[in-house]
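2 protein chains.
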Amino acid sequence: MSLLTVGSVAFDALETPFGKTDKIIGGAATYITLSASYFTKQNNLVAVVGGDFPQEMIDVLVSHGVNTAGLEIRKDEKTFFWSGKYHENMNSRDTLEVQLNVMENFDPKIPAEYQNCQFLMLGNTAPAIQNMVLDRLDSRPQFVMLDTMNFWMDIAMDDLKAVLPKVDCLTVNDEEARQLSGDYSLRKAAKTIMAMGPKTLIIKKGEHGALLFQGNEIFFCPALPLEEVFDPTGAGDTFAGGFIGHLAATNDLSFQNMKRAIVYGSAMASFCVEKFGCERILDLTQVEINDRVQEFVKLAHFAV
Amino acid sequence: MSLLTVGSVAFDALETPFGKTDKIIGGAATYITLSASYFTKQNNLVAVVGGDFPQEMIDVLVSHGVNTAGLEIRKDEKTFFWSGKYHENMNSRDTLEVQLNVMENFDPKIPAEYQNCQFLMLGNTAPAIQNMVLDRLDSRPQFVMLDTMNFWMDIAMDDLKAVLPKVDCLTVNDEEARQLSGDYSLRKAAKTIMAMGPKTLIIKKGEHGALLFQGNEIFFCPALPLEEVFDPTGAGDTFAGGFIGHLAATNDLSFQNMKRAIVYGSAMASFCVEKFGCERILDLTQVEINDRVQEFVKLAHFAV
Numbered sequence: 000m001s002l003l004t005v006g007s008v009a010f011d012a013l014e015t016p017f018g019k020t021d022k023i024i025g026g027a028a029t030y031i032t033l034s035a036s037y038f039t040k041q042n043n044l045v046a047v048v049g050g051d052f053p054q055e056m057i058d059v060l061v062s063h064g065v066n067t068a069g070l071e072i073r074k075d076e077k078t079f080f081w082s083g084k085y086h087e088n089m090n091s092r093d094t095l096e097v098q099l100n101v102m103e104n105f106d107p108k109i110p111a112e113y114q115n116c117q118f119l120m121l122g123n124t125a126p127a128i129q130n131m132v133l134d135r136l137d138s139r140p141q142f143v144m145l146d147t148m149n150f151w152m153d154i155a156m157d158d159l160k161a162v163l164p165k166v167d168c169l170t171v172n173d174e175e176a177r178q179l180s181g182d183y184s185l186r187k188a189a190k191t192i193m194a195m196g197p198k199t200l201i202i203k204k205g206e207h208g209a210l211l212f213q214g215n216e217i218f219f220c221p222a223l224p225l226e227e228v229f230d231p232t233g234a235g236d237t238f239a240g241g242f243i244g245h246l247a248a249t250n251d252l253s254f255q256n257m258k259r260a261i262v263y264g265s266a267m268a269s270f271c272v273e274k275f276g277c278e279r280i281l282d283l284t285q286v287e288i289n290d291r292v293q294e295f296v297k298l299a300h301f302a303v
Numbered sequence: 000m001s002l003l004t005v006g007s008v009a010f011d012a013l014e015t016p017f018g019k020t021d022k023i024i025g026g027a028a029t030y031i032t033l034s035a036s037y038f039t040k041q042n043n044l045v046a047v048v049g050g051d052f053p054q055e056m057i058d059v060l061v062s063h064g065v066n067t068a069g070l071e072i073r074k075d076e077k078t079f080f081w082s083g084k085y086h087e088n089m090n091s092r093d094t095l096e097v098q099l100n101v102m103e104n105f106d107p108k109i110p111a112e113y114q115n116c117q118f119l120m121l122g123n124t125a126p127a128i129q130n131m132v133l134d135r136l137d138s139r140p141q142f143v144m145l146d147t148m149n150f151w152m153d154i155a156m157d158d159l160k161a162v163l164p165k166v167d168c169l170t171v172n173d174e175e176a177r178q179l180s181g182d183y184s185l186r187k188a189a190k191t192i193m194a195m196g197p198k199t200l201i202i203k204k205g206e207h208g209a210l211l212f213q214g215n216e217i218f219f220c221p222a223l224p225l226e227e228v229f230d231p232t233g234a235g236d237t238f239a240g241g242f243i244g245h246l247a248a249t250n251d252l253s254f255q256n257m258k259r260a261i262v263y264g265s266a267m268a269s270f271c272v273e274k275f276g277c278e279r280i281l282d283l284t285q286v287e288i289n290d291r292v293q294e295f296v297k298l299a300h301f302a303v
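Chains A and B are the protein sequences, given in the same order. Heads up: the first sequence is residues 0 to 303, going by numbering that gives the first Met the number 0. Heads up: the second sequence is residues 0 to 303, going by numbering that gives the first Met the number 0.
You may find that some hints are simply not true.
To list a few chain A residues with every Cβ distance to chain B over 10 Å, as calculated [stated by the list, open to error]:
| # | residue |
| --- | --- |
| 1 | LYS22 |
| 2 | GLN54 |
| 3 | ALA155 |
| 4 | LEU252 |
| 5 | LYS297 |
Here chain B is said to cover these stretches of chain A; the calculated rule only asks that three of the stretch's residues, wherever they fall, bring their Cβ under 8 Å from a Cβ of chain B [what the hints assert, rightly or not]:
| # | stretch |
| --- | --- |
| 6 | 91-104 |
| 7 | 174-188 |
| 8 | 203-212 |
| 9 | 222-230 |
Taking beta-carbon pairs under 7 Å as the criterion, some of the chain B residues facing chain A (in silico) [unchecked claim]:
| # | residue |
| --- | --- |
| 10 | LYS84 |
| 11 | SER184 |
| 12 | ARG186 |
| 13 | HIS207 |
| 14 | ILE217 |
| 15 | PRO221 |
| 16 | PRO224 |
| 17 | GLU226 |
| 18 | LYS258 |
| 19 | LEU298 |
| 20 | VAL303 |
Treat the hints as calculated values from the structure; they're not laboratory data. Nothing here was measured: the structure is a model prediction, and the numbers come from that model. Cβ coordinates follow ideal geometry from the N, Cα and C atoms, glycine included.
The task is simple: from the sequences and hints, build the whole structure.
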């Protein structure tokens, strides 16, 4: 099935306990489409960059089968830029600088060839823009997934609550689930959030794994304990790309298949954090991915 | 097989966001033996209490099949007392008061009938005392498990490092694993700690589950997401009691069976936190425990 991803394509500058980068390629939609490319070849991108964005990186996306017809290039403007520094424990980070640039007035245009996509991934951006994308589609996709963050809960909670009834699946981290619901218990928080619209909720817990909620069902997928987490940037987006990429590839929205999708997403995220930026997810093989998924099987399975 | 548990039997006073208790029964060995009692009937306790400890509670232990021949009662002294207050998130707590009382000169005496026990659980207490217990056994048990905490790493690290080569399995939480090893990555920390002696390491992550390490094998068991965590006191000890209780009952030290034991331990801990103190683990049925274990199967299993 055809997947449409809308979100940021950006420059990042990162500092982790392991090193520092100059401007490298980042952005939610970059990680999502790259990760999804290992699952589906109908992989359509809507994003906006400035004239400073390197053609070589667009070529890399294209070489991964990403359709960049919806990638707007504003020659006279600059690409969205984020710079951040991770704390020693890698679980928290400080934003050092944000230059919105082209994202200040992101006006997502959906190419005609993208209409009637069956799977839609709304990467983390302003809820009003995520809502606008839904309005601009001729028909509602079969499965709509939305990622958001605490920043939008702080400044645009009403917009977020307006779009939530229109989505099938929401992804947030544990602190965001608590903020959005007002509940400390994640089990209670999940009920509260699902009552806001999304029938499926994924709560990401970083190095502690991810929880999938749907009705009364709960599934937990651990994160793979790694010798070194080099750079967590993009792990959540890589996870989301693997998750929705697997769903789009299999066109099976059963809870059993969503569990499988969570494992594939977690496997993709476990690669992402092994190098800076999106470097590690540029040249994975199917064998590497399958081997990694088997590590999750060994990690999580037991017989009683 | 016969299990011997050495550790504290105590009074606790607790404050959680859900309420407050006066002095209630606590202590590592109380939780461990109660939890283990659902698995093994050869359940021997070595501990010390004061004359203020209620006979009714000793009767409760006995009614659970706990052998209290090794429970020393010092009529003229007072029982160990700990009081603590949990923070909003339940993952951290402040100690408000400690009265060592009888624990100040705990001199664990092993009754002759406990000699030749095959499974030994050294509950959290001074490493020098844990070492002393090993010295006082005529023969080394088949499986020795030791629990400790950051407090002993701060003030008795040499004693702890002296006892570690003599144990088969160590349990610590994630922060303690980092402190003991000097490694941030839990995978690296596990290697470092296993090189100190224990061939098996359990890293407890509270609401984030538990990791089991042995050689190159890793198993992760999630914690069950609960609507309400009422009081986390004793959860780690209840976990340990279920773990070693299952091992003693089955007398199977394979990695597969240890995985099963971790799940049983986690199921027992998930009950423990549902009420104050040890109340919830006083009257469980085998059906409740099996149903809870099935919830872990549903939570963790997937097919790829």
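Inset, instruction - Of all the hints given earlier, name the ones this structure violates by number, lowest first. - result: 5, 6 and 10
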